[in-house]
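Using the sequences and the hints given, assemble the complete structure.
Protein sequence lines correspond, in order, to chains A and B. Per the numbering used here, residue 13 is the first one in the first sequence, and the count goes up by one each step. Per the numbering used here, residue 13 is the first one in the second sequence, and the count goes up by one each step.
Heads up, a few of these hints could be off.
Same chains, same label: a pair holds when it works inside one copy or across any pair of copies.
To be verified - Below, simulated DSBU-like cross-link-like pairs (lysine-lysine); rule was C-alpha separation at most 30 Å, straight line:
1) Lys73 <-> Lys161
2) Lys221 <-> Lys359
3) Lys206 <-> Lys164
4) Lys73 <-> Lys164
5) Lys56 <-> Lys359
I should point out that these hints are in silico values taken from the structure, not numbers from a laboratory.
Protein chains: 2
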Amino acid sequence: MGSPTSNFITAPESLDSKHFNHLNPEDLRTKAHKAVDFIADYYKNIESYPVGSQAQPGYLKNRLPETPPDTPESFDTILKDVQNDLIPGITHFLSPNFFGYFPASVSSAAFIGEILCTGFNANGFKWIGSPAVTELEMVVMDWLGVMLKLPKSFMFSGSGGGVVHSTTSEAILSTIVVARDRVLNEIGIENIGKLVVYGSDQTHSTYKKACKIAEADVEEGTTSTTAVDPVKDLAEVANKYNIWVHVDGAYGGNACICPEYRPFLDGIEKVDSLSLSPHKWLLCYTECCCMWRVRLDGELHGLASGDVARFRPLRLWFVLRSYGVANLQNHIRSDVQMAITFERLVKSDVRLEIVVPQRFSLVCFRLKQLNGFDSSYTESLNKKLLERVNSTGRVYLTHTVVAGIYMLRFVVGATLTEEGHVINAWEVIREMVNTIVNEF
Amino acid sequence: MGSPTSNFITAPESLDSKHFNHLNPEDLRTKAHKAVDFIADYYKNIESYPVGSQAQPGYLKNRLPETPPDTPESFDTILKDVQNDLIPGITHFLSPNFFGYFPASVSSAAFIGEILCTGFNANGFKWIGSPAVTELEMVVMDWLGVMLKLPKSFMFSGSGGGVVHSTTSEAILSTIVVARDRVLNEIGIENIGKLVVYGSDQTHSTYKKACKIAEADVEEGTTSTTAVDPVKDLAEVANKYNIWVHVDGAYGGNACICPEYRPFLDGIEKVDSLSLSPHKWLLCYTECCCMWRVRLDGELHGLASGDVARFRPLRLWFVLRSYGVANLQNHIRSDVQMAITFERLVKSDVRLEIVVPQRFSLVCFRLKQLNGFDSSYTESLNKKLLERVNSTGRVYLTHTVVAGIYMLRFVVGATLTEEGHVINAWEVIREMVNTIVNEF
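So, in structure tokens, the structure goes:
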């Protein structure tokens, strides 16, 4: 290489503004070590915070300035504000006393994977953008496919394949669009108003959103009080009418890596697509939703990732290797075992009833409807129970309504949860049942 | 609290499978420090790697096993594989010698923000899920709005608001759906086939994808050789016909935090929505795309985030506070200054021409069409130039085609780039021009 050829080049020292240490490796090292310690300490002390945030609407606006600073603030100042201003507004999904929604399962392995993913900032929006991103996605999707014993038609090593999406919404939307276009190719776009998406009455609101985006109507089909539809029977009917069948195994689907749960996927060879979210039960942190499709076409990546695609499969790869299949199966079984323990505790109390039999690591229960009280009164008592339990800050549960019945949901799955936490949670619930009953 | 009431509770020691150290704080601390050091060292040594990956299709599949391990592998083994198997498949967007696509701008501040975002695993899918996530998003969207001098109609403190999306695709899709539904409410769904989205011929492929998903046709409208359409004029015409106007300021929009670039947003008070991506030029790492909309409705969050919403605004908040507005303005100006330097160097060589005048930090140039040679021959020479330049591994450029003319793109914006890198890149290009010219 020669030396610069022109004499009008600005000397580097004139570009002072570039020297902010944006990415000085030693500066980054020091600060990132502090951030890691912050998170490790957060996990160590997580039980000292109320599980559900007790913040009131607008709390943060009042604590932060209305405009950004004109000059830099120190790292330590910002970190202190995270502790004082943000943490009180966080509901601690990772607390061992969190039993709400669905599990937010995480692990050191996935945390490491995410640090590396962020650090590389690699962009797999197409193969050439970073071959490792696209190819690692193919490897982990097939690995997970092997663990689930998926047919070859779903595998890259067969005639299908898949994508690691960020969310179920994204996965579902991309599936509905492909399914819609397959039908519209046959019936013409002027008939778009006739499209219908069938789902069980247990279907996640995600579907309704995705259908709205893609312009299709939704009808509730099967009415079911269990969270698992019979794949084989539905697929056989759907195949007759050329209906695209998607199986959303968001949470429970993860359990199918265990032979004893695999029967839930019987008939999977008759469906068109499958999704499940390792962020829900395979220790991956949000956002990690895997979606397989048979007869993969070139569009899969494009629809999924848009203009940027992070190195998302890295997390799942770290988890699968750090645990191995056997330990991941045991992890699922351990959570289920704890749910069984909780169900037994509920059954031991005559004032409560199990509304939906325990499945996977979920238990749905409520205060019984007592003679002489109507159902809306029972509902109000159960609402009161949930509020009281959550306002202690010692545990966090959520609720659902199925077939008109309001019930409390207890999901085991936060990574730090051990059996002692389940027993403590039961004690809190029992205590609150006592206070409510004593108010009669 | 009382003690456990039942005697059938399984003793905790029988749940061995739970004790994998999934999230043991000290285990996490040790490993995460190693991961941070790995990334700090990666940044320190990033210039030792070829900028563009030299991997061949399928390279990774051949290096990794076809099935996941049944038992755990050690952290050090996996990290070694990242170094040996993954890094060769990465195109180093963060290399100071990367001048391709649009800038992948990052910073220690955003890296820290992302470590915390991951660590908390907070989920703002609705306010109650974690108030801090929703409220911090409102704060940073308004802060950035202040920096861009947006009208009150775009601000939460006014009558609008916004969302930190992951990608432009997501932002655009949510906008197109809202715009579509506004029109369909008036004309009826049976007319969906009549919907048209107008965009300039410079429009990103993202739009075409989003339109396909929402079922609308695309027409190219204005033909422009500059990347900036006149917002005010277009909005005035569109307002007459009740057309939804969206301004996508993906990359250049970031520059509007500088008073000298703000005129590009003149007329913004006449449009319906605006998006820009701080991950492109405001040091945020992918994925961070801000989208504002006037007359915000309750759906905004729902359509955006789906079933999970990470604590994404945290990164932008860390960046805005760590730099302050003045330094962020200087950062933009410094990149532009380096692009001007590069343009001067190109102009100093009579064999080359600037095809599109330098705008922001982008320079588009090519080998001139020489007398006696047709345009397709010129194109093949320029393709050869790009291939040769990239195959050195010393720099990475991409190309574009505007109005039928193939040209090379040189974008300054990788965080580590200093003027010396721009001059070195020019030397590599000149060297390759020499070899091509000498082959005549």
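Each hint, compared with the structure:
1. Lys73 <-> Lys161: Between copies only: 20 Å across chains, 50 Å inside a chain, cut-off 30 Å.
2. Lys221 <-> Lys359: Neither, since 37 Å and 52 Å both go past 30 Å.
3. Lys206 <-> Lys164: neither (33 Å within a copy, 41 Å between copies)
4. Lys73 <-> Lys164: For Lys73 and Lys164, only the inter-copy Cα distance (17 Å) is at most 30 Å; the intra-copy one is 53 Å.
5. Lys56 <-> Lys359: neither (33 Å within a copy, 60 Å between copies)
In terms of the numbered hints stated before, the structure departs from hints 2, 3 and 5, listed from lowest to highest.
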